[in-house]
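Trainee: Sequence:
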Amino acid sequence: MTVSLEQLRRCHVAVDLGAARTRVFVKGAGLVVDEPSVAAVNTRTGALIAVGEFAEKMTGRTPHYIRVVRPVSGGSVVDIEMAQRMLRSLLGEKLRRQLRRKPMLRAAACTPHDSDPLAQRATVETMVGLGARRVELVDTLIAAAVGCGLPVAQPTATMILVCGAATTQVAVLSLGSIVTAERIPVGGNAIDHAVIQYLRHQHELMLPTQSVRPLQLALHGNGLTAEGPASTEIHGRDVATGLARSVLVDTAAVRQAIHTPLTAVLDGIGKVLRDCPPDLVADLAERGITMVGGSARLPGLDQMLRDWTGMPVRIAERPDVCAVLGLGEMLEGRIEPLTLNPLADAE
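First residue of the sequence shown: 1, per the numbering used here; consecutive thereafter.
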C-alpha cells in the first residue's frame, strides 16, 4: 500500500475526489458527503453560488455571468482553490467546526494509479487548505478493493476494474500490493459522448448534457446485449431547426457506437493479463474480475467482459462508494495486515 495501516488509523477524515462525485468519510460518523464534484460561481463577484446536486442541475441553464465548473478531472484536482471552496461548502459549518477541534487533523485521500507528482501535490494542497496538518495518499485501486471486500492481503490474485467517469483503472492485486495495473483514459463520460455523437450524426438530434442521461435512455434493460430492446424513443433538439423532436433509435446501432470506446478498456485488461505472472492468472480464472465505480452499472458491460475474457465477472454491492468505504475501513482499523513470521512457526 502507499502508506502503512498504522498511519491510516491515525487519520480522522477520508476523501475521494472523483471526476463525477466527491465523497467524504469521517471517522466515527461514516459517509457524510456524497455529492457531484460541481460548483457554480458568479464571475462578476467571485461568489460561490451552489455546489453539488444543485450546481449540477444549473449546467447549461445559467446566464453568462454564472459559470459552472468542475475542479476535479480524471480523479486529479485541476483547480485547488475551487476544490477547497467546494469541499468547505459540502462539509458544512457544523462538521468543519468538529474537525477544527482536532489539534492535529490528519486526512487520507484517494489518488488514481500512476498519478504524477503534480496531481498528488494538488490533492495534498486541497486537503491542507481544509485544515489537515498531514495528508496520506492511498491508491484508488487498493482502497476500492478493500471497500468491496476483496482479500487484498492474501497471497492470491484478485483483479479489480474501477470504472470511473473520466478513466478506467484495472489491476491485479496480491499480498496487499499492486502486481500489475493499467490506467485507460476512457470512462462513463466517453461512453455518453459516443452516444451523443451517434445521435447527432445519424439522426441530427442534440441531447441536453445534464438533464438527460442518454445512456440510460438508449440502453435501459440489457441494452448492451442482443436480448435488449430493439428500439428506443429519444427526445432532444433538432440540429437544423432547433425545435424539440423525438426519434426512434435502433439499439443495435447504439451498441455498436458504444463498443468503440469500450475496445480500449478490453485492450487494457488484455495488457494487464499479459503482464501478470502465470500463477496469478490461474487464480483469476477461478476468482474472476470485480467491477466497482459509478460506470460499473452500465447495462450489459459485465456480460461483455465475461464473453471477452472467459472469466467470471461480478459487480460490487455498492460499486460507486467502494473506494471511500475502503479508506473508511482502514481509518476505523478494521483491516488487519497479513503477518508473515516463518521463524515463529518453525519453533
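Any given hint could turn out to be false.
Quick list of simulated restraints, FRET-style, between CB atoms [as the list claims (entries may be wrong)]: (1) R101 <-> E332: 16 to 24 Å; (2) W308 <-> D114: 19 to 27 Å; (3) L248 <-> A282: 42 to 50 Å; (4) W308 <-> Q197: 17 to 25 Å; (5) R133 <-> Q303: 32 to 40 Å; (6) A282 <-> K94: 51 to 59 Å; (7) P103 <-> H64: 41 to 49 Å; (8) R134 <-> T59: 33 to 41 Å; (9) A282 <-> R306: 16 to 24 Å.
No farther apart than 20 Å at their CA atoms in a straight line, the calculated lysine to aspartate or glutamate pairs in the EDC-like style are these [stated by the list, open to error]: (10) K271 <-> E125; (11) K94 <-> D34; (12) K27 <-> E53.
Everything labelled a hint here was simulated from the structure, so no lab data went into it. Values in this document were obtained by computation on a predicted structure and should not be read as measured data. Note that beta-carbon positions come from the ideal geometry of N, C-alpha and C, so glycine has one too.
Trainee: Hints numbered earlier in the text: which of these fail when held up against the supplied structure?
Mentor: The structure conflicts with hints 5, 10 and 12, although it agrees with all the remaining ones.
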